[in-house]
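Protein chains in written order, with the working numbering: chain A, 53 to 417; chain B, 4 to 383; chain C, 360 to 810.
Some hints could be false.
What the hints assert, rightly or not - Computed cross-link-like contacts, DSSO-like style, restricted to lysine-lysine with a CA-CA straight-line distance of at most 27 angstroms: (1) B:LYS336 with C:LYS681; (2) B:LYS336 with C:LYS688; (3) B:LYS307 with C:LYS469.
By construction, these hints were calculated from the structure, which means they are not laboratory data.
Just so we're clear, the structure is a prediction, and the values are computed from it rather than from any experiment.
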Amino acid sequence: MSFVDSILSSLSSLEMNYTLLLLIAVTIPGLIIFLLMTVNAIVAVYMERKISAFMQDRLGPMEVGIFGFKGGKRFWGGIGQTIADAIKLLAKEDIIPKDADKFMMILAPFIIFIASFITFVGVPLSQDFLISNFNIGILYILAMSSVGVIGIILAGWSSNNKWSLYGAMRAASQIISYEIPIAITLLLPVIISGGLDVHTIVDWQLQNRWLILHSPFTFIAFFIFFVSGIAETNRTPFDIPEAESELVAGWMTEYSGFRWSLFFLSEYTNMLIISLVASFVFLGGWGSPLTIINLLPGDYMYLDGPILGFFWLLLKAIALIFIMMWFRWTFPRLRVDQLMYLCWKVFIPFAIFNMLAVGVWEVLF
Amino acid sequence: MSKENLIDKSSINTDDMILNMGPQHPSTHGVLRLKIHTDGEVVSKIEPIIGYLHRCFEKHSENLPYEQIVPFTDRCDYLSSMHMSHAYSIAVEKMMDIEIPERVEYIRVIVSELQRIASHAFFIGVFGLDVGAITPFTWVFRDRERIIDLFETLTGARLLYNYVWPGGVSHDLPEKFITRTIEFLDYFEPQLIEVDELLTTNKIFIERTADIGVLDKDIAINYGVTGPALRASGVDFDLRKNEPYSIYDKLDFDVPVGRGEMGTVGDSWDRYIVRFLEIKESIKIIRQCFKSIPEGDVHAALPKKVRPRKGSTYSRFESSRGELGYYIISDGKNVPTRLKMRSPAFSNLSVLPYLSEGWMISDVITILGSLDIVLGEIDR
Amino acid sequence: MKEYFNNIVGGIQSFWKGLSLTFKHMKNKKDLVATLQYPNEKWPIPERNIGFNLSEYNVIRSRLHVDMDDCIGCLQCERACPVDCIKIDTIKPPKESEFDCGKTSFGTQKKLVVPRFTIDMSECMYCNLCVYPCPEECIYMVGGPNEDKHEIDYEFSQYSRDGLIYEFADATDEDILSVGGDEYIKTREERKKRIADGESLNGTEILPGKEENVSVTASSAPAPSLDKPDFTVVNEIEDRVTRATAKKAFTQKFKEKASFQEISKFVKLSLEENGKYSSNLDDIIKRISEMTAPDSTDGGSSESAPAQEEMTHKSFNDLENKMQRGIVKKLFIGEKKKGLSDLDILKLIRAELKTKEMLDDQAKELLKKLMLQSVNPKETPKVESDVFDLKKLNDIEDKMTRGLAKKVYTKSKRDGKKSTEILADIESELQSQEKLTGSVDAVITGIRESI
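Given only the sequences and the hints, what does the whole structure look like? Please build it.
Following this line, the structure appears as structure tokens:
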């Protein structure tokens, strides 16, 4: 039962105007998603700053605390830093360059935000925590995540800045190219489990085993999917569009204050979405670790349920986010044409080959 | 990835785009302005514009007595200040025919080599940053802090020392300096292995730097490129071996030359690896000096009044960026009549437009980073 | 194809190495973190035991401090500073006064009063060059080996630049007055007043005892006097080489104090010798011969030529031979101190040069000239000093009128007129220009009454 359905059913007894009912049923889940995105951003930013600091032999934010708790002398100070940063960003002056295309510039962050927002609608957080029950789940997610490119191109073009233009062009080519390996590798679970709906895929996994260990080909497919997902969200080693040492901040250069925080928010949301989708599709969704290889049938009944399921899913997603951050702080970045080489000449052949091989495997075993 | 994959220009009528990599940019090493003419992502022409850091050092030194110029030479190349004052002192001593005691020579060499390690370590960190790897930067700086701590015990200052004076050094080594330096050297060598693992053999790093910005032997010599950039192109020329000054002829060390292990001879990877290996050689030199340093008074040859005879002189010195030269004309007064500094980074920068033709913008930054320039030295 | 797969495999291997390294750093964060949480924890100052007597060399760079009780005013630190951030004034007590400047902590007797010792820390470049030459070790950078005298201070930032100008002198006004420094106090008060009025002085003021601080603006372009030839006529020659030849000839003869006719003849001769003579230069040569020597008592510059009446060691600057000049000057200064009269000194000098066989023609002539000068005081009448002061005309409010009045005043004064005549001139001039208003008239009457 999705949220929308449950709200509609609980309020239908009140005999309200249908439009008003619809409005409420749409706004409340919207607010919930927004809340989720914000909380995710706060936690993820703090995590990133601390992890990057420890990897670089330094301490990260230490001084700002919340509600009087400043944290210990070592390692756990600075919890309130992200909230303080968010307040600062909201209060900053909003600068629009003189010759910039004003309408486009204001529109761009909203398009990107909307793209991540509506993708979230189709992503379930647990067995029952679902905004809307799509029966074409995976396809919907795939489609909606491509909307973000338009926002990036608009942002880069309208800034009236050659460096932003560079960033936007690179981003456009990168995101569109990396959609293809994602799509092909996402087809594999569909083939194996027989349905586009997220529930179908996860249930198949809980009854059999996690897809990552199903066959060596799906193992490779997981890595291709994950790395292409990193490329989708413009993180190092694929952060050419916002390469800090070359293009200052790429397509986001001319943005300040609230608009910039929208970009930021949508980037972290994208990260979360990719991690969540990877955990559903390859790592068993909301099943407990007992279901990795189902030794005894019926194991999946243990340690399960809506709340625990949410907890397991979150754990897997956070682990994947950690891996994304780990990658960021270890590797140098690739040049544009090397990025393209990687996509078209390494990932796509492997992905297509995988699909064929998985088909053969299914027939044989 | 190479020059052959460019678009065939004759079929499309395109215009050049002029991109300005301004004085304020995260990866021009200082205030350097580059006017880049590009066709899409491919660079067709670069004009470097310098002068944003000009402080009239040479003109100002015409009004200063010789011993007061030393702090100003430090500020030209702030990353290798010991080299600058050392080269200057050699020039003035040549004009005054001073014989400096052995101990002073040894101290100067130790300090110069430590400074060379610090400068090359800085280069490694910043080069990684240019290419995108942010972590080695902080690791390398933490180790460089230790060198700067050593200098702080020695002179009291962290970056601009005013230590090497014409005729000697300003004061002797402290008591525990030698033991501390040897401790540091023992700690530092394993750290280099870590950076090696993270940067030197990393596939992405190799793809970003190998075969990029290949500098031929002849062209390097014609442009006047010196220092590690020249040695990376295969030319075995190091002033410490070819025209030894001070006590370098008594010391035993190798000169690393680029061999094109990961690509062609003279690419950016070679320039990186030459500097990396030079750190190891400097460590060797320092250990040898510590074994055979004599006792003595460091102030024995400091002149009371620095008044060189009439005439002019040119002194050559191998700094961490290349050949550093000082040309001093004197009229017998206590201020120089003309002081010219031949800055190695200036000649190294001049080869940038030639090297980056046909590569992409990301490569321009890699090439600029591998040349290792310091704007303070170029603009004086 | 094989290379393709090798690339991929090699890539994955190197990635794994890098990833494990970063993970290791993260795991071992307790040992490896290198951050210092300033200001709760501060980096310790390295130990300073250099191994020999520390009091001679101070190896810390922090704020400068001066122990004023020890300063003897030798000005060594001021001279050693490359950026001139130390400014010291000293006053020497006259011989008769019984003022005791005190003793330093090393036992040296101080001989000078130091009323001003300013260090501008915003200009200081922390090079430590001022610390080495101090003979009493009274200027040093705090902390470090001198920690017992003054504890360390490197956090002395201020909000405005004035806060960084440190004044160390502690001579009170009574002390200064008792050594005869009333002029000093007067100039100091004047400076303060001018700064308070908003004028920015930029260190161009001359304080007593510091003639070498004369700035460029104080000396205007020197008017032609007996020492420098007047090139206004010669400069009209257009061709550069010809002009240069002419100037060289001109100066040569000018130095020999020849008359202008002789100079013009010599110029023509030298031009002909160099093949640069042409008939259109005749006019210029004729004008050279008609030049008159400029008045030597012109009211123009007074700083290049020494005053004609008084004989100082500078009068001997014309002697070309360095050794000769040195001997003469030394003798002059030595004898002058003993209090001999000018004439006697000159006689002594002549005798000395004769014994050393350095008495050439030029020296003989110079000595003769100076002897004549000392015997006969100069007869050129000095301008009467009882003319009223120019500044009285400042009372006129209107700028144009004031300017005009001052112009007439100077012209008349130069012609040697008396006060009443000058006033009459001013009045007639203003009337002809119709600027003689009521207030101006009142001012002039006021001046007339005060004379």
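Given the hinted pair LYS336 of chain B and LYS688 of chain C, is their alpha-carbon gap at most 27 angstroms? holds (22 angstroms)
For LYS307 of chain B and LYS469 of chain C, compute the direct alpha-carbon distance and say whether it is at most 27 angstroms. With Cα atoms ~25 angstroms apart, LYS307 of chain B and LYS469 of chain C stay inside 27 angstroms; holds.
With a cut-off of 27 angstroms on the C-alpha distance, tell me whether LYS336 of chain B and LYS681 of chain C pass. holds (17 angstroms)
Going through the hint list in order, the structure satisfies each hint without exception.
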